[in-house]
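**Q** Residue numbers (numbering that gives the first Met the number 0), protein chains in the order written: chain S, 0 to 664; chain X, 0 to 279.
Don't take every hint at face value.
Said to hold, decoys possible - So, partial list: chain S residues that the calculated Cβ filter (under 7 Å) puts toward chain X:
hint : residue
1    : V10
2    : W42
3    : Y113
4    : A124
5    : M125
6    : M128
7    : T132
8    : L187
9    : Y191
10   : R295
11   : I324
12   : S426
13   : S430
14   : C635
15   : H636
The hints are simulated quantities; they were obtained by calculation from the structure and are not laboratory data. Note that CB positions come from ideal geometry on N, CA and C, so glycine has one too.
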Amino acid sequence: MNTRLAVVKTVLWALVGVLAAVTVARFLRGLGASTALSDAAPWGLWIAFDVMSGVALAAGGFVLAATVYIFGGQQYRHFVRPAILTALLGYIAVAVGLLYDLGLPWHIWHPIIYPQYHSVLFEVAMCVMLYLTVLSLEFAPVVLEHRWLDRPLFRAIHRLLHGAVIPLVIAGIVLSTLHQSSLGSLFLITPYRLHPLWYSPSIWILFLVSAVALGLMMVTAESLFSGWLFGHKIKVDQLAGLGRAASVVLFVYAFLRLAAAREHIDLAFNGSWLGLLFLVELSVSALIPATLLLFRRVRTSIAGLAACAGMTILGMIGYRFNVCIVAFKRPEGTSYFPSWMELAVSLGIVAGGTLVFIFFVEKLKVYPEEHAGEPDTPSGGIAKADYHPGSMWSMSPDSLSGPRRYSLAAVLAAAVTAAFLAADVFSGTHSPGTPVSAARTLDGWIQDRGDGVGAGQVVWTRRKLSPAAPGHDASPVVLLAIDGNRDGRLVLFPHDRHKVLLGEQDSCDKCHHQNMPFDKNTSCCECHRDMYTLADIFDHDFHIDKCRGNAGCIECHERENQAKWKDRDTARACVECHQDMTVEGSLIEPPPPEKRKGIAAGYMNAMHELCVDCHRQKVTESPQQYGSDFAECANCHRDADAALFHQMKCRAASGGDTYSREPKQ
Amino acid sequence: MTTPYAILTDTTLCIGCEECVKACKNENDLTKDVPRRWKRHIDDLSSTRYTTIVRCPEDQKDHFVRQQCRHCLDPACVSACLVGALQQPEDSKGQPIGPVIYDKDRCMGCRYCMMACPFGIPRYDWEKLVPEVRKCDMCYARLFDDNGQLIEGMQPACVEACSKKATIFGPREELLAKARRRIENDPDKKLYGEFEVGGTSVLYLSDISLDFLSFDQELQEEKLPDLTLAALSKVPPLAAGVAGVMAGAWWIIGRRMKLAEETRQEPSESAQSSEKNKEK
């Protein structure tokens with residue numbers, strides 16, 4: 000048994016296990032819970048790597064088919080089968096990756112029935128779909144050679160496909176040319192968002208040429224990898240030939256790339272980090288490997304080939320990442336970095352593809368000359384485990400080899416991943432919430448507006464700050480600075496004045512519409528605990544204690560309702576016990592008692608509902624007294640107050656003199 | 000000529016009361032705004048907010064700018080969508096009537112529209128398992144009948160809600176004329192949307208630069224769909240050309256190799272066997 004192969008397979012199976020767990024998360028809870036995508040970055044790792052780079056990495060199939068079948072490069076014939084297989088698996092991986100990325104993956108076939116011919120993406124979709132078919136037909140003969148399929152019907156199909164190989168190869172080349180270039184054309188429509196060093200009207204040529212170079216280097220990499228993995232003899236002479244071709248194509252690419260960016264080339268040297276990125280990307284993807292491959296010593300050494308192939312592959316993937324994500328303009332202050340689940344899916348799909356590749360290499364004649372003269376050996380089954388009655392263990396010496404080991408690796412990896420899945424995956428994405436802080440108090444004065452309107456206008460100030468403030472000779476009043484989420488956009492609320500206008504001591508109820516037990520004026524923020532969303536204000540544990548533990552469930556969850564779930568909906572309303580909790584005659588129009596079960600509205604909505612409705616009513620009742628703008632936003636939300644308040648960095652506390660001026664720096 | 004219809008927003012009149020936002024939410028049955036990982040600010044455009052009031056970051060004069068879908072006359076999103084989920088309805092004369100609308104039953108969720116929009120308007124239901132692209136549709140269902148005719152006296156919800164008449168609705172030509180008159184009275188104002196990316200159906204009058212709404216770029220007059228159309232029109236000749244070149248190369252190279260083979264074989268083998276080869 001090849002240990003190296005066994006280790007690689009175990010690792011790949013583990014990655015597939017991780018993929019399995021993350022797949023559940025993705026399709027159970029959606030894109031928001033599993034990815035770092037956002038409205039600012041609608042395309043992320045799955046498009047940039049799985050789709051854009053995946054298609055380009057699979058370009059080896061059409062490049063090699065063209066070299067061998069069209070241009071008569073017979074010495075490269077033995078690279079064709081693995082290249083076609085890599086391409087086929089690569090395109091299947093693209094399709095699988097798309098299923099993860101699409102918001103509605105079950106509509107993936109819609110381009111067929113709702114074609115929109117003006118979309119570049121439509122052309123890409125159609126070409127990929129057709130090319131996948133062509134690749135399957137190109138690879139089918141390898142499958143049909145298997146001894147299990149040695150039947151007249153399959154032999155006939157094999158002959159048919161063998162005869163159609165040239166048309167298939169030409170169709171493959173045409174389709175590949177079209178969609179490899181069109182993946183670049185996708186970005187023609189984004190001149191304002193793609194950085195000028197990457198945007199160019201000829202971006203589609205760059206995508207095509209880079210895909211050809213990438214195809215050649217992928218065949219090299221894949222040949223080196225399988226040589227290392229399976230112990231095949233590496234054909235350095237032929238790889239050197241591919242390397243020389245790649246060098247030429249890479250130089251062409253670099254030239255075209257620089258020509259495309261020539262008008263904005265100064266941006267590359269102005270010290271901005273995108274300029275630096277452009278230079279690094281171009282060097283790693285094309286200039287360095289192309290130059291190195293010029294030397295015969297590099298071309299004919301395995302290490303040299305591996306380094307060049309590695310650089311090109313990394314660099315060209317980087318090119319696609321930069322176009323899709325890094326050099327693509329997002330709103331100021333937003334960023335995208337893939338979540339670990341996105342990474343796991345991308346890696347898992349590659350691992351799965353590699354496993355299928357290994358499977359085909361092991362079972363079919365993907366490398367025909369390696370099988371020459373080899374007898375067909377039946378694959379080894381799983382050895383029956385020995386049962387040891389003493390230890391109650393069922394172990395055999397090889398029980399952790401082969402399929403068992405791989406299953407274990409996959410299952411363990413899936414289990415560990417499931418344990419690490421974020422809480423979002425089980426509960427769905429949730430809002431992080433915006434806790435509300437209590438209003439702060441300050442001294443202030445109330446200034447008459449001077450237009451005879453009685454309600455007046457609030458000013459607030461500090462004696463020391465502006466001794467000549469209007470009305471400074473009057474005694475100060477206490478103002479509440481209402482700023483629930485502490486974003487500085489506050490409302491100054493003259494509490495005592497409202498008390499006077501609404502009817503002194505009897506008026507508390509009008510706003511404090513529900514109180515905590517034994518309280519008369521519970522603050523708004525004690526129940527309306529979140530700025531924007533509903534808050535749960537019911538303390539279940541406390542009530543369990545009060546109702547004598549489990550025996551007390553029926554106090555709220557009544558017997559008549561036992562058939563149903565014991566939940567909030569079937570429980571008794573709070574007011575049935577807490578008769579003093581709600582207050583009669585408040586300005587708040589409460590929901591019916593049976594609906595009031597410990598859910599409080601968001602702070603902002605609660606405040607607006609209370610204040611705005613009453614202000615509107617006052618304006619309609621007596622506009623002369625209150626002024627026509629009494630119910631308008633700016634009547635209370637005065638940004639001038641907020642700015643001053645901000646400047647002074649008022650600190651939360653109770654009592655009158657609670658703020659202090661920060662020393663100017 | 001009445002079509003296309005348009006909305007004109009005058010940023011110098013807007014007081015930022017957000018009544019339009021409220022009306023839009025009511026009209027489209029949108030849920031409350033909740034802070035999310037993919038929302039920078041609670042009052043950004045989002046899947047629950049098709050229009051919102053934003054402020055220019057470097058604005059000294061304290062302007063309120065109502066952000067919404069521009070309903071371009073040549074929309075990038077419509078040309079980008081590969082299944083035609085984003086559409087530009089036309090009247091009986093084949094003239095676009097203004098709004099750009101969305102058909103959720105066609106959408107496959109590729110989000111290319113979000114990449115293509117020069118204003119970055121479309122939003123996505125990231126939290127949902129059956130997500131949709133979300134954006135303003137100019138109250139299409141409410142304004143227009145099945146033939147694309149404006150129902151008499153109807154206005155988009157946001158326009159109806161605006162007490163300051165800062166945002167108004169009408170035929171695009173009329174609004175352009177109105178805007179030009181206002182510019183004559185106040186030459187500081189500039190009109191946005193008449194020519195940008197081929198013209199939009201949501202026009203702005205502003206005395207500050209509104210480039211911050213389009214990724215800090217001054218938009219040119221070029222229609223974005225034309226950029227891809229130029230490439231797409233090359234597809235059929237490119238396909239035919241590649242196919243022809245490949246077939247030709249195969250035939251010529253194959254023929255030359257065969258001849259080379261034959262000349263190599265002739266001295267050693269008899270004429271009979273080469274004929275047999277040909278038959279094969």
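**Q** Indicate, hint by hint, whether the structure satisfies it.
**A** How the hints compare with the structure:
With a cut of 7 Å, the hint placing S/V10 at the interface with chain X is violated, because the nearest CB-to-CB distance is about 32 Å. The interface hint given for S/W42 is met, as the beta carbon of that residue sits about 6 Å from the closest beta carbon of chain X, less than 7 Å. At about 4 Å, the closest approach between the beta carbon of S/Y113 and any beta carbon in chain X falls short of 7 Å, and the interface hint on this residue holds. For S/A124, the interface hint holds, the least distance from its beta-carbon to any beta-carbon of chain X being 6 Å, beneath 7 Å.
For S/M125, the shortest C-beta to C-beta distance to chain X is roughly 9 Å, which exceeds 7 Å, and the interface hint is violated. Here the hint on S/M128 is broken, as its CB sits about 12 Å from the closest CB of chain X, past 7 Å. Hint status for S/T132: violated, given a least beta-carbon distance of 16 Å to chain X, over 7 Å. Given hint, S/L187 at the interface with chain X, holds; its Cβ is 5 Å from that chain's nearest Cβ, closer than 7 Å.
The interface hint given for S/Y191 holds, since its Cβ lies 4 Å from the closest Cβ of chain X, which is under the 7 Å cut-off. Interface hint at S/R295: violated, since its Cβ lies 26 Å from the closest Cβ of chain X, which is beyond the 7 Å cut-off. Taking 7 Å as the C-beta contact cut-off toward chain X, the hint placing S/I324 at the interface is violated, the least distance being around 11 Å. Violation of the interface hint for S/S426 is found here, the shortest Cβ-Cβ separation to chain X being roughly 12 Å, above the 7 Å cut-off.
Checking S/S430 against chain X: minimum C-beta separation of about 4 Å stays under 7 Å; hint holds. A hinted interface residue such as S/C635 counts as satisfied when its beta carbon comes closer than 7 Å to some beta carbon of chain X; here the least separation is about 12 Å, so the hint is violated. Nearest Cβ of chain X to the Cβ of S/H636: about 9 Å, over the 7 Å cut. The hint is violated.
Going down the numbered hints, you'll see the structure goes against 1, 5, 6, 7, 10, 11, 12, 14 and 15, while the others check out.
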